[in-house]
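A.B. asks: Chains as they are written, first to last, in the numbering used here: chain E, 57 to 541; chain L, 20 to 135.
Incorrect hints may appear among the rest.
Under the rule of at most 27 Å between Cα atoms (straight-line distance), these lysine-lysine pairs were calculated in the DSS-like manner [what the hints assert, rightly or not]: (1) L:Lys70 x E:Lys135; (2) L:Lys70 x E:Lys275; (3) E:Lys186 x L:Lys132.
Just so you know, the hints here were simulated from the structure itself, not pulled from any lab data.
This is what each chain is made of:
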Amino acid sequence: MEWEAVIGLEIHVQLATKTKIFSGASTAFGAEPNTQACAVDLGLPGILPVVNEEAINMAIKFGLGIKAEINKVNIFERKNYFYPDLPKGYQTTQLDKPIVGAGHMDIALDDGSTHRVRIHHAHLEEDAGKSLHEAFSTGSHGMSGIDLNRAGTPLIEVVTEPDMRNAKQAVAFARKLHSIVTTLGICDGEMSQGSMRFDVNVSVRPQGQEKLGTRTETKNLNSFKFMERAINKEIQRQIEAIEDGFEIVQETRLYNGDTDVARSMRSKEEANDYRYFPCPDLLPVVIEDSRLEKIRSEMPEMPEARKARFINDLGLGDYDAEVLSCELATADYFEAAAKAGGDAKLAANWVMGELAKTLNQNDLEIVSSPVSAEALGGLVARIKDNTISGKIAKQVFEALWNNEGSSADEVIEKKGLKQVTDIGAIEAIIDDVLARNPAQVEQYRAADDARRGKMVGFFVGQTMKASRGKANPGMVNQLLKKKLQ
Amino acid sequence: MAIDRSNSLEPEMPAPEKIDSQGISAKQVQSVAHLARLSISEDEVRQTTEKLTAIMGLIDEMQAVNTDGIEPLANPLDAVQRLRADEVTETNNREQLMTNAPAKEDGLFLVPKVID
Numbered sequence: 057m058e059w060e061a062v063i064g065l066e067i068h069v070q071l072a073t074k075t076k077i078f079s080g081a082s083t084a085f086g087a088e089p090n091t092q093a094c095a096v097d098l099g100l101p102g103i104l105p106v107v108n109e110e111a112i113n114m115a116i117k118f119g120l121g122i123k124a125e126i127n128k129v130n131i132f133e134r135k136n137y138f139y140p141d142l143p144k145g146y147q148t149t150q151l152d153k154p155i156v157g158a159g160h161m162d163i164a165l166d167d168g169s170t171h172r173v174r175i176h177h178a179h180l181e182e183d184a185g186k187s188l189h190e191a192f193s194t195g196s197h198g199m200s201g202i203d204l205n206r207a208g209t210p211l212i213e214v215v216t217e218p219d220m221r222n223a224k225q226a227v228a229f230a231r232k233l234h235s236i237v238t239t240l241g242i243c244d245g246e247m248s249q250g251s252m253r254f255d256v257n258v259s260v261r262p263q264g265q266e267k268l269g270t271r272t273e274t275k276n277l278n279s280f281k282f283m284e285r286a287i288n289k290e291i292q293r294q295i296e297a298i299e300d301g302f303e304i305v306q307e308t309r310l311y312n313g314d315t316d317v318a319r320s321m322r323s324k325e326e327a328n329d330y331r332y333f334p335c336p337d338l339l340p341v342v343i344e345d346s347r348l349e350k351i352r353s354e355m356p357e358m359p360e361a362r363k364a365r366f367i368n369d370l371g372l373g374d375y376d377a378e379v380l381s382c383e384l385a386t387a388d389y390f391e392a393a394a395k396a397g398g399d400a401k402l403a404a405n406w407v408m409g410e411l412a413k414t415l416n417q418n419d420l421e422i423v424s425s426p427v428s429a430e431a432l433g434g435l436v437a438r439i440k441d442n443t444i445s446g447k448i449a450k451q452v453f454e455a456l457w458n459n460e461g462s463s464a465d466e467v468i469e470k471k472g473l474k475q476v477t478d479i480g481a482i483e484a485i486i487d488d489v490l491a492r493n494p495a496q497v498e499q500y501r502a503a504d505d506a507r508r509g510k511m512v513g514f515f516v517g518q519t520m521k522a523s524r525g526k527a528n529p530g531m532v533n534q535l536l537k538k539k540l541q
Numbered sequence: 020m021a022i023d024r025s026n027s028l029e030p031e032m033p034a035p036e037k038i039d040s041q042g043i044s045a046k047q048v049q050s051v052a053h054l055a056r057l058s059i060s061e062d063e064v065r066q067t068t069e070k071l072t073a074i075m076g077l078i079d080e081m082q083a084v085n086t087d088g089i090e091p092l093a094n095p096l097d098a099v100q101r102l103r104a105d106e107v108t109e110t111n112n113r114e115q116l117m118t119n120a121p122a123k124e125d126g127l128f129l130v131p132k133v134i135d
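For reference, chain E alone in the conformation it holds in the complex (with noise of 0.2 Å):
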């Protein structure tokens, strides 16, 4: 049988205030334990939270991104649960009215095309601490560790209708989503810091079928590529249940990124019943048309202008400007690399090809790339200029990844890899190619018109060699016909 996958996200996005979201406690990544939670993180009593004027900003910018309605009075409720990581007893987030409502985000498939998610809608929340498992100094004595720095760090959620198909759309979503709140400068996007944390809905149907399969949540992926490996694994997984004859239960699932092993966490039964009611510390926040239309006067370009302007302006096609205007930092490499090469389609090859192969081989992205965006510039200010070939250009392309050079002329230089353009030097080439292969010669002069066309890739090739790729292949094939007559 044929299946379909139907996958959503929740996505945890951290909004890059300075301070947390309702108190004034600092936000900053990596410092000691409990150095930055205030006693109104802590939830100690008779505390009241003050909301933090930016993240109200950042939630806006988010909205007006996606083209989304910005409800403009926000309620704060409380979700009541237990856990250790969470000195309230609650966590203080939105229910029915978020402060994003429903808008859209469009997608580059690999087939050129485009594919819209809807997004059901995005509020805010607070962080909560972190737990630590592993032993302290000590060693093991049967305790968890607990910091709450990241306790009150604001956070917009991102609800996604069940909208993508397979792991490569929720992907390329989520790559989407990373340079939009990038872009607008509301998150830092170190997914590695835990900035964006993924939850997948995955369910599996009969192709063709309409109503929904059961599904599972597997949370807080925070790598591209563990959610890719995890949404595969769980589509694998839940053909094989139902093929074997099992059902698929709803619960919660783990994915361990170093393992590749995902496991169950808690299944729906014993799910928690949140208690859900406004908090009485806080009052609506009314957002005035005055801020709406401040924001909106101050907002960045957006990929998707971005990529109308690389169609309109730099004269690519549909698909490469998708690709390039799809990510924050690709986007700004291209346009370095275009400026400095002064060729945008040259420019625009290099990034989606050698440098994005290079790049995905050693497990790279392209803000960590080697060959700086400059430098890519220069060396495809050479192929244009002729001063090398494509071929060649390979060459000095690996040279600048491994570091023997620090611009395409200088490898250029050091290597003597100018093309030979000079004509006398040339002719002295092929001249002695000729006299090495008279057998060959004289075949092709032998030939009829149809036959020489592919023989003359002989001398081209031997000539080519001889001047170890540097001649300029069209002056080859032009010189070799005129003397080969």
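We have chain E already, so just place chain L on it with the hints.
C.D. replies: Below, chain L alone, put in the same frame as chain E:
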């Protein structure tokens, strides 16, 4: 009543059924007490059941009031939330804030082992 200090995230009992005006069962009281991590004696369950049933009567009377066209009220104060500028105003006060913690180490609060 004593505070139930068990750290388990999940209630061992199922969530309470919807409470209706017919009153509250002892079972519902026990499950709500568990959700709030309160351990209560048999006697207290009986007394609490009676009291809560009486309160439900009062709520029934309130439910009967016609509220058509009235906006739900999230807070009894007729005011809106003041916002705070995003500036760090708190400094590290860890030593003092942790003085009441029953167990601590390496700047961490220690609690009975939790595994999620």
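A.B. asks: Next step is simple, just say for each hint if it's right about the structure.
C.D. replies: Results of checking the hints against the structure:
With a C-alpha separation of about 25 Å, the suggested pair L:Lys70 and E:Lys135 falls inside the 27 Å cut-off, and the hint holds. Restraint check for L:Lys70 and E:Lys275: not satisfied, since their Cα atoms lie roughly 41 Å apart, outside the 27 Å limit. Proximity of E:Lys186 to L:Lys132 is assessed by CA-CA distance (about 13 Å); at most 27 Å being required, the pair is judged to hold.
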